[in-house]
Each structure stands twice: as C-alpha cells, then as structure tokens.
Amino acid sequence: GIQVEQSPPDLILQEGANSTLRCNFSDSVNNLQWFHQNPWGQLINLFYIPSGTKQNGRLSATTVATERYSLLYISSSQTTDSGVYFCAVETSYDKVIFGPGTSLSVIP
Amino acid sequence: DSGVTQTPKHLITATGQRVTLRCSPRSGDLSVYWYQQSLDQGLQFLIQYYNGEERAKGNILERFSAQQFPDLHSELNLSSLELGDSALYFCASSVEGEETQYFGPGTRLLVL
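Protein chains in written order, with our numbering: chain A, 1 to 108; chain B, 1 to 112.
Bound-form chain B, shown alone (with noise of 0.2 Å):
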C-alpha cells in the first residue's frame, strides 16, 4: 500500500459528461502529480501541483482541470467527456517536486 488513496476506482458514464477523480496524497507529501494511461496514447503526465500551487502542466486537455485544496487532497475534472477519455488515470504523491513517487491504485474511466 503506497499510502496515497483514489476515487473511486471505476468510473463508467456516457459522452458529453463531467467527472471528477479525488487524490488523497501520502501524509507529509506536498506535490501530487496527475498521469493517463490509455492503449492509444500510453502513459501520459497531465499535470503537477505543490503545496496548492500549479507547478508543471503536461498534455492536459482544455476540457480537463485540477486543483490541489489547503489539505492537499487533489480533484481531477473531465468534462465534455468523450470515448477517447477512456483510460486509466493515475495519482501520485511526493514530499518535494523531485523525489520518489508515490502512486495510487488508478482510477479506470470508461466513456460509453
């Protein structure tokens, strides 16, 4: 067990919709970091927030946000989902921006 939870762990809903995933990191981490993984696209860095504060942006979508709250628990927002969505996504936690990473079970999203 990494320490860092996810939900929930499936998701199914249908295109046009909006979702939101929830990250609760390590106790004492201060970054999580948010990653895809699909069949089409592999693994992707989507984006990074420490201490609350957006830090590095990967290939997020315009349709996608996040946020990192005073407790440091992180939500990722999809919307206008479409099929493509469909992937797993990753939350991973780390005391600073440059250390180990921490990850979460994942959070499987299908788009019907």
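The following block holds chain A by itself, in its conformation from the complex (with noise of 0.2 Å):
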C-alpha cells in the first residue's frame, strides 16, 4: 500500500516564526487533506488540496501531485498552533491513508 511520511517529526518555534511542513507519499493520490490536532486533542480539517495551493489566513498548502509531496507553511507562528499536523491520503484502493504528524511546540 501507499507509504505516507512527514517531516519534521517534531518541531520548536519561537512564536512569530514561520515553518514548514513536509508531507511525502509514495503512490499517485486522489486527495490529500491537512489535519491539526491541538493539545486537548480536538481535530480540526485545515486544508483539502489534492492538487495546487490554498491559503487561510497565517496557513496556506501546496501539494505537487506529480512529485508526491505536499507542503504546510505556517507563517507568524502563535503559540495556539501547538499540537500535531497530520495529513492524509486518498487512493483508489487504500482509501484515506494517514502520515505519523509533526509535533509542533510554538514557546512564547
């Protein structure tokens, strides 16, 4: 099946800093969605980009279909960011496939 991997696996950020997701996939998708768990637990849908960028605010994502990756860019980095970023991919035959997620810790 599809292999879905993130990186970093975990990250510190001085609030007010930007970062950078990485999320590679091994097969061709259908879809990919970004995922934001925060500390409580609580998940919230940010993205669902299958193909070119989207932006929401200080969040913005680039998936590249043909090169099997995508992209979170966090900008001005605030400590309500902290949790884990998962993304997710749809296959044909796999159907929604979850990376392992990125720890984030934004400190004041």
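If you're looking for bench data, these hints aren't it; they were derived computationally from the structure. Check the hints yourself; a few may be wrong.
[What the hints assert, rightly or not] Straight-line distance between alpha carbons at most 20 Å, and here's what the computed EDC-like set of lysine to aspartate or glutamate pairs gives:
#, chain 1, residue 1, chain 2, residue 2
1, A, LYS54, A, ASP81
2, B, LYS9, B, GLU54
3, A, LYS95, B, GLU53
4, B, LYS57, B, GLU99
5, A, LYS54, B, GLU99
6, A, LYS95, B, ASP71
7, B, LYS57, B, GLU75
8, A, LYS95, B, GLU62
9, A, LYS54, A, ASP10
10, B, LYS57, B, GLU96
11, A, LYS95, A, ASP27
12, A, LYS95, B, GLU99
13, B, LYS9, B, GLU75
14, B, LYS57, A, GLU90
15, A, LYS95, B, GLU96
16, A, LYS95, A, GLU5
17, A, LYS54, A, GLU67
[What the hints assert, rightly or not] Have a look at the derived ranges for each label pair, beta carbon to beta carbon:
#, chain 1, residue 1, chain 2, residue 2, range
18, A, ALA17, B, GLY52, 42 to 48 Å
19, B, GLN41, A, TYR93, 15 to 21 Å
20, A, TRP40, B, THR100, 29 to 35 Å
21, A, GLN3, B, ILE60, 18 to 24 Å
22, A, ARG68, B, GLU62, 29 to 35 Å
23, B, ASN77, A, TRP40, 26 to 32 Å
24, A, THR20, B, GLY52, 37 to 43 Å
25, B, ASN77, A, ASN24, 33 to 39 Å
26, B, GLU62, A, SER76, 44 to 50 Å
27, B, THR13, A, VAL64, 44 to 50 Å
28, A, SER105, B, LEU39, 16 to 22 Å
29, A, GLN42, B, ILE60, 20 to 26 Å
30, A, ARG58, B, GLU99, 18 to 24 Å
31, B, ARG108, A, GLN78, 24 to 30 Å
[To be verified] Pulled from the structure, derived: some chain A residues nowhere near chain B, Cβ distances all over 10 Å:
#, residue
32, GLU5
33, ASN45
34, ARG68
Where is the CB? At the ideal position from N, CA and C, for every residue including glycine.
Join these two chains into a complex; the hints should help.
Structure (structure tokens):
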C-alpha cells in the first residue's frame, strides 16, 4: 500500500517564526488533506488540497501531485498553533491513509 | 464547537464486551466518518457513510460495524473487545463526501 511520511517529526518554534511541514507519499493520490490536533485532542480539518495551493489566514498549503509531496506553511506562528499536524492521502485502493504527524510546539 | 457531538465521552469496559458509540453530525451534513486513534497505530480511517449508505471502508475490523440512521446520526458498534481496541474514536461530518470535515470531541475507550 501507499506510504506516507511527514517531516520533521518534531519542531519547536519561537512565537512569530515561520515554518514548513512536509508530507511525502509513495504513489498517486486522489485527495490529500491536512489536519491539526490541538494539545487537548481536538481535530480540525485544515485543507482539502489534492493539488495546487490554498491559503487560509496564516496557513497555506501546496500539493505537487506529480512529485508526490505536499507542504504546509505556517507564518507568524502563535502558541495556539501548537499540536500535531497530520496529512492524509486517499487513493483508489487504500482509501484514507494518515501520516505519522509532525508535533509542533510554539513557545512564547 | 464543531457542531458534531459524540457520546459517551469516556467508556471503560472489559475484554469480550460490546459497546456502541454514537455520533450526531452537524445539521445538514450528510456524510459521517469514523476514525480510530491509538498509540500503536496512529490515526486510522474506519468507515464513511453518506445519507444512510456505506460509501468507503478503511481499516475497520470485522468485529466492528457501523450504520447511519434516517435522521443521519451514526453508531459504531465494537464487539468482542480486545485490549488493543483501547483508543480515541472520532466521528466527523461533512456536507458532501469531499469537503471540509468537522470533527467531534471523540470517545475515549479503555478496554481492561
């Protein structure tokens, strides 16, 4: 089945810094999503982005499907951005497969 | 508050037992998804229903089953429980099958 990797596994940022999280996948995908799980466990769907670029406030995401990766950009990070960021891909045969996540800590 | 509700919040039970988790989607959402999050396996997609019909199946065990009722709420039934079934079970809903999903707070299941 498809393999999904995320990097870096852990990231510590000073408040106000920018960061880029990466999701690599080993095969063609129909869809790709980014999720954020806050320190209290709540999951939020950030982007549904099978290709191209989308922006939502300080967050943006780019998926280059032909090169099998997606990037999540966080600008001017805030402490509320802390948590774990997951990407999830969907293929015709594997349905939805999650990556292992990137754990982000933003310190004041 | 996402508008998705899940009950119960916590559940403690014994191996071999059967439990039912309930999810009420946001008003107007036709799709319901179930996910499992455990320390061993991470986040896994279990199953999706759309307007009462099963639409997609993921890593759902045969001991697990789900359904979506005419009022669009959904139930996930877990039977012959094992220690490894201890996990956080999330439900999510969306208007259609491919748009933003809104997650409930989860049900934390502990099997002893």
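Here is how each hint holds up against the structure:
Of the supplied pair hints, the one linking LYS54 (chain A) and ASP81 (chain A) holds, its CA atoms being roughly 18 Å apart against a limit of 20 Å. In summary, the hint linking LYS9 (chain B) to GLU54 (chain B) is not supported, as the alpha carbons are separated by about 25 Å, beyond the 20 Å threshold. Taken as a hint, the LYS95 (chain A) and GLU53 (chain B) pair is honoured in the structure, with Cα atoms around 17 Å apart against an allowance of 20 Å. Of the supplied pair hints, the one linking LYS57 (chain B) and GLU99 (chain B) holds, its CA atoms being roughly 18 Å apart against a limit of 20 Å.
Taking the CA atoms of LYS54 (chain A) and GLU99 (chain B), the gap is about 14 Å. The hint holds against a cut of 20 Å. Of the pairs offered as hints, the one joining LYS95 (chain A) and ASP71 (chain B) is violated, with about 26 Å between alpha carbons and a cut-off of 20 Å exceeded. For a cut-off of 20 Å, the pair hint linking LYS57 (chain B) to GLU75 (chain B) stands: about 15 Å separates their Cα positions. A threshold of 20 Å between alpha carbons decides the hint, and for LYS95 (chain A) with GLU62 (chain B) the separation of about 17 Å falls inside it, so the pair holds.
Between the alpha carbons of LYS54 (chain A) and ASP10 (chain A) the distance comes to roughly 24 Å, so the proposed pair goes past 20 Å and is violated. The straight-line distance between the Cα atoms of LYS57 (chain B) and GLU96 (chain B) is roughly 16 Å, inside the 20 Å bound, and the hint therefore holds. Taking the CA atoms of LYS95 (chain A) and ASP27 (chain A), the gap is near 13 Å; set against the 20 Å cutoff, the hint holds. Of the supplied pair hints, the one linking LYS95 (chain A) and GLU99 (chain B) holds, its CA atoms being roughly 15 Å apart against a limit of 20 Å.
Taken as a hint, the LYS9 (chain B) and GLU75 (chain B) pair is honoured in the structure, with Cα atoms around 14 Å apart against an allowance of 20 Å. Between the alpha carbons of LYS57 (chain B) and GLU90 (chain A) the distance comes to roughly 12 Å, so the proposed pair stays at or under 20 Å and holds. Between LYS95 (chain A) and GLU96 (chain B), the direct Cα distance comes to roughly 16 Å. Compliance with the 20 Å bound is thereby established for this hinted pair. Among the hinted pairs, LYS95 (chain A) with GLU5 (chain A) is consistent with the structure: their alpha-carbon atoms are about 16 Å apart, no more than 20 Å.
As the CA atoms of LYS54 (chain A) and GLU67 (chain A) are separated by approximately 18 Å, the hinted pair is consistent with the 20 Å bound. Against the hinted window of 42 to 48 Å, the Cβ-Cβ separation of ALA17 (chain A) and GLY52 (chain B) comes to about 47 Å, which satisfies the hint. Here the CB-CB span from GLN41 (chain B) to TYR93 (chain A) is close to 19 Å, well matched to the stated 15 to 21 Å. For TRP40 (chain A) and THR100 (chain B), the Cβ-Cβ distance of about 20 Å falls outside the hinted range of 29 to 35 Å, so the restraint is violated.
As the Cβ distance of GLN3 (chain A) to ILE60 (chain B) is approximately 21 Å, the hint placing it in 18 to 24 Å holds. The hinted range of 29 to 35 Å is satisfied by ARG68 (chain A) and GLU62 (chain B), whose Cβ atoms lie roughly 32 Å apart. Remark: the range hint 26 to 32 Å for ASN77 (chain B) to TRP40 (chain A) is upheld by a beta-carbon distance near 27 Å. Checking the proposed 37 to 43 Å range against THR20 (chain A) and GLY52 (chain B) shows it holds: the Cβ atoms sit about 41 Å from each other.
A C-beta distance of roughly 36 Å is found between ASN77 (chain B) and ASN24 (chain A), which places it inside the suggested range of 33 to 39 Å. Between GLU62 (chain B) and SER76 (chain A) the beta carbon distance is about 48 Å. The supplied range of 44 to 50 Å therefore holds. For the pair THR13 (chain B) and VAL64 (chain A), the supplied restraint of 44 to 50 Å holds, since their beta-carbon distance comes to about 45 Å. Distance hint check: the CB atoms of SER105 (chain A) and LEU39 (chain B) are about 19 Å apart, consistent with the given range 16 to 22 Å.
A hinted range of 20 to 26 Å holds for the C-beta pair GLN42 (chain A) and ILE60 (chain B), which are about 23 Å apart. Hint check: ARG58 (chain A) to GLU99 (chain B), Cβ distance near 22 Å, so the stated range 18 to 24 Å holds. Checked against the hint of 24 to 30 Å, the pair ARG108 (chain B) and GLN78 (chain A) passes, with Cβ atoms roughly 28 Å apart. With a cut of 10 Å on Cβ distances, GLU5 (chain A) stays outside the contact zone with chain B, its closest approach being about 12 Å.
Not every CB of chain B is more than 10 Å from the CB of ASN45 (chain A) (nearest about 5 Å), against its label as outside the interface. The beta carbon of ARG68 (chain A) is kept farther than 10 Å from every beta carbon of chain B, the shortest such distance being approximately 20 Å.
In this structure, the earlier hints numbered 2, 6, 9, 20 and 33 are contradicted, and the remaining ones agree with it.
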